[in-house]
Each structure stands twice: as C-alpha cells, then as structure tokens.
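**Student:** Each chain, written out:
There are 2 protein chains.
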Amino acid sequence: MNFQNDIILRTVKGEKIERYPVWLMRQAGRILPEYRKVRSSLSGFKELVETPEFAAEVTIQPVEILEVDAAILFSDILVVPEAMGLSYQMLEKTGPWFEKKIRSFDDLTFANANIDINDRLGYVFDTIKLVQKNLNKRVPLIGFSGAPWTIFCYMVEGSGSKTFSESRKLLYTQPDLAHELLSRITKVTIQYLKGQIKAGVDMLQVFDSWAGILGKEQYSTFSLPYLKLIADEIEEVPLTLFCKGAYSSIEQIAQLNCNTIGLDWNMDIQEVRNIVGESRTIQGNLDPCVLYAENKMIENETKKMLDSFKSRRHIVNLGHGVYPDTNPEKVKTFIKTVKEYEIKS
Amino acid sequence: MNFQNDIILRTVKGEKIERYPVWLMRQAGRILPEYRKVRSSLSGFKELVETPEFAAEVTIQPVEILEVDAAILFSDILVVPEAMGLSYQMLEKTGPWFEKKIRSFDDLTFANANIDINDRLGYVFDTIKLVQKNLNKRVPLIGFSGAPWTIFCYMVEGSGSKTFSESRKLLYTQPDLAHELLSRITKVTIQYLKGQIKAGVDMLQVFDSWAGILGKEQYSTFSLPYLKLIADEIEEVPLTLFCKGAYSSIEQIAQLNCNTIGLDWNMDIQEVRNIVGESRTIQGNLDPCVLYAENKMIENETKKMLDSFKSRRHIVNLGHGVYPDTNPEKVKTFIKTVKEYEIKS
Chain A
1080 MNFQNDIILR
1090 TVKGEKIERY
1100 PVWLMRQAGR
1110 ILPEYRKVRS
1120 SLSGFKELVE
1130 TPEFAAEVTI
1140 QPVEILEVDA
1150 AILFSDILVV
1160 PEAMGLSYQM
1170 LEKTGPWFEK
1180 KIRSFDDLTF
1190 ANANIDINDR
1200 LGYVFDTIKL
1210 VQKNLNKRVP
1220 LIGFSGAPWT
1230 IFCYMVEGSG
1240 SKTFSESRKL
1250 LYTQPDLAHE
1260 LLSRITKVTI
1270 QYLKGQIKAG
1280 VDMLQVFDSW
1290 AGILGKEQYS
1300 TFSLPYLKLI
1310 ADEIEEVPLT
1320 LFCKGAYSSI
1330 EQIAQLNCNT
1340 IGLDWNMDIQ
1350 EVRNIVGESR
1360 TIQGNLDPCV
1370 LYAENKMIEN
1380 ETKKMLDSFK
1390 SRRHIVNLGH
1400 GVYPDTNPEK
1410 VKTFIKTVKE
1420 YEIKS
Chain B
1080 MNFQNDIILR
1090 TVKGEKIERY
1100 PVWLMRQAGR
1110 ILPEYRKVRS
1120 SLSGFKELVE
1130 TPEFAAEVTI
1140 QPVEILEVDA
1150 AILFSDILVV
1160 PEAMGLSYQM
1170 LEKTGPWFEK
1180 KIRSFDDLTF
1190 ANANIDINDR
1200 LGYVFDTIKL
1210 VQKNLNKRVP
1220 LIGFSGAPWT
1230 IFCYMVEGSG
1240 SKTFSESRKL
1250 LYTQPDLAHE
1260 LLSRITKVTI
1270 QYLKGQIKAG
1280 VDMLQVFDSW
1290 AGILGKEQYS
1300 TFSLPYLKLI
1310 ADEIEEVPLT
1320 LFCKGAYSSI
1330 EQIAQLNCNT
1340 IGLDWNMDIQ
1350 EVRNIVGESR
1360 TIQGNLDPCV
1370 LYAENKMIEN
1380 ETKKMLDSFK
1390 SRRHIVNLGH
1400 GVYPDTNPEK
1410 VKTFIKTVKE
1420 YEIKS
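First to last, the sequence lines map onto chains A and B. For the first sequence, this note's numbering gives the first residue as 1080, with consecutive numbering after it. For the second sequence, this note's numbering gives the first residue as 1080, with consecutive numbering after it.
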C-alpha cells in the first residue's frame, strides 16, 4: 500500500501493531477554526459538501492539525436520498429538513433507484480523487454511507426526530412499502459505495445511526438483511459497521461480512469482545463528553478505555461524533494519550 | 384493600392472577378526545397540572374509557425542579423550557432542597385525594416522579435534548456540583413521594427517562446511588423503576429495593427475566408504534409478547408512553387482547 502511516489498515486485518490507531467521527467539521473559515466563505453546508475543492480541503485538515491515523471523507449521509429524488435542506440549529416525505407507494417517485450514480453523486467521487491526490498516501481515506434503515428514517420522517415514530409506524402499517423503500435505498447505496471504492477510498464505514430505536426482532427484519446485502458486495476494501444503540444485535452484526464493528459509548467493550471473539476489529468508544474535561481526566478516561481492550484488534475512536463545541486542544490530548499508550504484550 | 379490581397489586406481589393486568404510560393525556376537551378549556398544560379538579378528572378518564387496571396521576416530572426554584414553561411542539439553568454552584440558588413540600406541591397531593375520592376503589392509583438523574438532565440542559451533552459534560467537568445537585433533587423527591403516599397513592413509579444516555460506569455513579436512596425510603407502597435504555444496568437495578422493573420496547423480556429471576415483577413492553397498525397485527404482536412472558409476574404496558396521535380504539384492541389472553399454567 505504501502509506506513510498504515497502522489503521494493519489493525483492521489483525496484524501486529506497535500502538493503537485513532481517529474521530466528525473530525472533519465544526470543531476546527480552519473548517469554520472555509465554511463561512460559502453559501451553506451543501455548497461545501458539493464542491470537491472545499470538501477535500476540510477532509484533510484533521490529518494535518490533529494528526489522526485516517482521514474521513467530508460529506453527509443524506446525499443518497437527494440523489434518489428527495432533496434536503440543512437548517442551522434544527438540522436536516425534507420538503417531500415518503409515506405511500405514490411517494416512491421521489425514491428512484434507477439513477446514474456518476451523474448524481459524481461530486463525491471527484472529492475522493482530489483528497487522495493531496493526501498523497500519508494516511488511508475512509468513505462512508448511511445504513438503509437510517436513510429510511429520514426519508419517511422528513427531518430528525427523537423517536422517529412515523418511520417506525410504517413498519407496522405498510411493511411492503417499507421493504420496497429499503431495497431501493440499498441498491443505490451499494452503487454509491462501489463508486467510492472506484474513486479511491481505502476503507468504508456504514453508519446505522438510528439502530437503537428498533427492537431486536424489527432490527433483524428491517435493517440487518439490507446491511448484509451491502456487506456481501463490498470486497475490495475493509468495511466497518457502526450500529448505534443496537445492543441486542451485536451477535448478528458480528456475523455479517465486515471487518470492524463500531461501538457507541454505552456499549461495554469487554462484553462485546466476548460476543464477537477475535475475528473482528472493534472501534470506539470514549464518551465524547470526556473531551469537555480537564486534560488529566481525559488522559485517565482514555487510558482506562485502552486498558479494557485486552486485544490488539482495536481502533480508538469516540462512541459518537465529536461534539461541535469541543476544544481542538482537548482532542489533541486524547490523540496524544492514545499514541503514547504502550500495548501490553 | 377492597379494590373492585386489585389485579395489578396482586401481580406486583407475585400472587396468583387469573389474567395479566394492563395500563399505559401517558394513558391520561392527549390520545383521548375527552382529555383534549378539558385541556382546551384551560390556559395551558400547567393550569391543568396545577388544578386538582381538572387533573383528577383526566386521571380518571382512562379508567372509565379504556378500562385499564390502574389509574396514573396526571402530572409532570418537572413539578419537582419547579418546586426547587427552577420554573419551566411547556411550549407547544418543542416541549419543556427553563429560563434558568444549573451550570455552577451559584446557580444552586435555583435548586433549593429546603422547601416546604406541602406548600410547593400541595396541589399534587390535593389532586391525589380528589382522585381517590372519585375513583372510589375501582382500581389502584399510581403516583410518580422523575429519577434524580433525569430531573438533573432538564435542570442542567434547560430543555429537552437528543444527547443532553451539557448535562453529561457536567459529570466530567464539575462532578462535585453534579453530586450536590443530584443529592438535592433526591432529598426533595423522597419528600414528594412520601407526600404522595400520605395523600393516598397505592403504588409509585420512578421514571429514569434518560438512563440510556449514560454508560454503565457513569450510570452506577450518577444515577443508581440516588435511586437506591429513594427505593430504600419507599416502604408503604410497591415501587416500580423504569430506567429507559439502561440495558447494561438491569442487574444492578434488580438489586434495588423495588417491586417492579419497567422495560422499554428494545429490551428482551426473556433476557431480562433471566437476569432478574422471579423475585421481581416485570412491566412492559410493547412498541407503542404497534398501536398504529391494523387490529389483527395489534392482536398478534400483543399475543407474541404475552407468550414470551413464561411467568405470572408481569404487568402489561407499552415500552414507552403512548404516542399522542394514537387512535383510542386501537388502545382498546390492545387492552382487550391482554384481558382475553389465557395464562398458561
């Protein structure tokens, strides 16, 4: 591969590592003043997502400023529903908002799976190519998408929600419509991830951010089968599945064709390791709120997490995206603590 | 006791029952047209909460209209912070909002634990007395409060939130302040629950609605010790603890001095029963979204849940409060299905 730093790829494969690799979900974003400078020169969040030059710049910023062991593409999971015909706005403070919502078979005209992925999402692939050119093999680049269930939540609800009760309602009232929409999202997502691979990403992560609002049985009916379809299609690069809150389904997730399982901060590392065994890498899971604390506490909490690993197959991350008002200096303390930690042999 | 219907009390004690008892969290509220009629004649939610005549009326409505096996006091967990000096508004659509927030020791002037509980919350006790008079022993009355951790979340955040990151931040940045505030809330909550017992409630439930946002260790530091203080003080009536999302702490919750453990819809009934054993009653946990479905599916999903019980120590409920746009006829289908279900001996 010839990366200057390939420690995350070696960890994914279970190879010998000298220290644990570390990156942060949402590292490319609002925490960095350098990001805010780029963002404020533009008309809005979407211009940043859709302009390869700027999206590539903020993708690389954390590699240079925070010295993380991987870059992650700056983009949004909602580019997929938009590509299918359901456009969104990103409202300051309240978050994503869709004018149309999918509530009936008729609404599926706004959920088109027969699209030319290069035509609709070519700007993402261009960003990836530009990142790889400028990153120049310093660290690997992670691409991503939302899981079909999570994308479904937004397409049905039309916005963020605490309970996504409209989305969950549809599973009981119109299961055929739910499966049709999930199938369409899956089809586009597979094309999208393959496009990212072709454009040059080195790893992929699928975010099932709303896994935790489904019970075990519903998760196995409406999310896992679609994750399986995706996982079985991704062969060229390592795949991470991050199913936030899916406490009851870790065993099933570990049976999918993925390399790494992401954990949120409420999941117990040792319990999950016992379920998963040594055949997968585990990623996570410091509470993002730890980064609000004094340096000494950040060091202690980080070391406590590292002590709990008892295996080399771990990628260090937070258990959720870094919160926007986190001081980048605290992030550096976290990263430094990880990098200086000596793995017990 | 001489209740016309005491099946819920017998279930709590593990006595022999002829069928499972059933009630719904938030049964007294927006789903009933009869409630909306009372509510629309008043200036707002708080007038309804604070006027015993009206609060008592809507408390009893579901007993008469839905034929549930228990009444639950119509009130709000936020009357406790208000009694301590932090008043709130209930905004249409966005929910609770506090003008002041607790972020420093100075702010604790708005979190006074040395209050005359009868002076501040006498209206709740008056409601309880009026309910008991008008309910006239048809079914038991359940009183309630929020858990200290959940009340803390609102007092620090100042509103609802998806992540309550300000509240969680305080646990790392100012743990002494956090424990002081939690202690104060606990002291007032114990007085408040004892006041409810004195006024005549037959059972109590403590809602830890935001349990799920803490990891296992933090939950055992910042929530469980305060729940224990409360549980150890409540001796006169049966106590239910509903710690939503506390998947990793069920074993610890089962060690507290409570009679019943409430489960959300993501918790697996058999797994929890295996952990808890037969020494506690379990309450829950149908997904509230099932009540959006056709009657046949409601019957099937309800029976599937009942089949999973394999024990008599179960109180049937939803895994969360009934959603406001639920059709009361669907609630009746759910209740009828439970009442007609034959317990296998």
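Keep in mind that the hints are not guaranteed to be accurate.
If chains are identical, the list can't say which one is meant, so a pair holds when it fits in one copy or spans any two.
Cut-off 25 Å, straight-line C-alpha distance, at most; resulting in silico cross-link-like pairs (DSS-like, lysine-lysine) [unchecked claim]:
id: 1; residue 1: Lys1375; residue 2: Lys1295
id: 2; residue 1: Lys1172; residue 2: Lys1409
id: 3; residue 1: Lys1172; residue 2: Lys1216
id: 4; residue 1: Lys1179; residue 2: Lys1095
id: 5; residue 1: Lys1277; residue 2: Lys1212
id: 6; residue 1: Lys1418; residue 2: Lys1092
id: 7; residue 1: Lys1389; residue 2: Lys1418
id: 8; residue 1: Lys1409; residue 2: Lys1295
id: 9; residue 1: Lys1295; residue 2: Lys1383
id: 10; residue 1: Lys1179; residue 2: Lys1241
id: 11; residue 1: Lys1266; residue 2: Lys1125
id: 12; residue 1: Lys1125; residue 2: Lys1241
id: 13; residue 1: Lys1180; residue 2: Lys1125
id: 14; residue 1: Lys1389; residue 2: Lys1180
id: 15; residue 1: Lys1411; residue 2: Lys1307
id: 16; residue 1: Lys1389; residue 2: Lys1295
id: 17; residue 1: Lys1415; residue 2: Lys1266
id: 18; residue 1: Lys1180; residue 2: Lys1375
id: 19; residue 1: Lys1208; residue 2: Lys1116
id: 20; residue 1: Lys1273; residue 2: Lys1415
id: 21; residue 1: Lys1216; residue 2: Lys1415
Since the hints were derived computationally from the structure, they do not count as laboratory data.
**Student:** Hint by hint, note whether the structure agrees.
**Tutor:** Comparing the hints with the structure gives:
no. : hint              : verdict
1   : Lys1375 / Lys1295 : between (39 Å within a copy, 21 Å between copies)
2   : Lys1172 / Lys1409 : within (24 Å within a copy, 36 Å between copies)
3   : Lys1172 / Lys1216 : neither (36 Å within a copy, 49 Å between copies)
4   : Lys1179 / Lys1095 : neither (50 Å within a copy, 53 Å between copies)
5   : Lys1277 / Lys1212 : within (14 Å within a copy, 73 Å between copies)
6   : Lys1418 / Lys1092 : within (19 Å within a copy, 55 Å between copies)
7   : Lys1389 / Lys1418 : within (17 Å within a copy, 51 Å between copies)
8   : Lys1409 / Lys1295 : between (37 Å within a copy, 24 Å between copies)
9   : Lys1295 / Lys1383 : between (30 Å within a copy, 14 Å between copies)
10  : Lys1179 / Lys1241 : both (20 Å within a copy, 24 Å between copies)
11  : Lys1266 / Lys1125 : within (24 Å within a copy, 49 Å between copies)
12  : Lys1125 / Lys1241 : both (24 Å within a copy, 23 Å between copies)
13  : Lys1180 / Lys1125 : within (20 Å within a copy, 34 Å between copies)
14  : Lys1389 / Lys1180 : neither (46 Å within a copy, 41 Å between copies)
15  : Lys1411 / Lys1307 : neither (36 Å within a copy, 38 Å between copies)
16  : Lys1389 / Lys1295 : between (28 Å within a copy, 19 Å between copies)
17  : Lys1415 / Lys1266 : neither (41 Å within a copy, 42 Å between copies)
18  : Lys1180 / Lys1375 : neither (47 Å within a copy, 27 Å between copies)
19  : Lys1208 / Lys1116 : within (23 Å within a copy, 61 Å between copies)
20  : Lys1273 / Lys1415 : neither (34 Å within a copy, 51 Å between copies)
21  : Lys1216 / Lys1415 : within (22 Å within a copy, 65 Å between copies)
Checked against the numbered hints given earlier, this structure breaks hints 3, 4, 14, 15, 17, 18 and 20; the rest are met.
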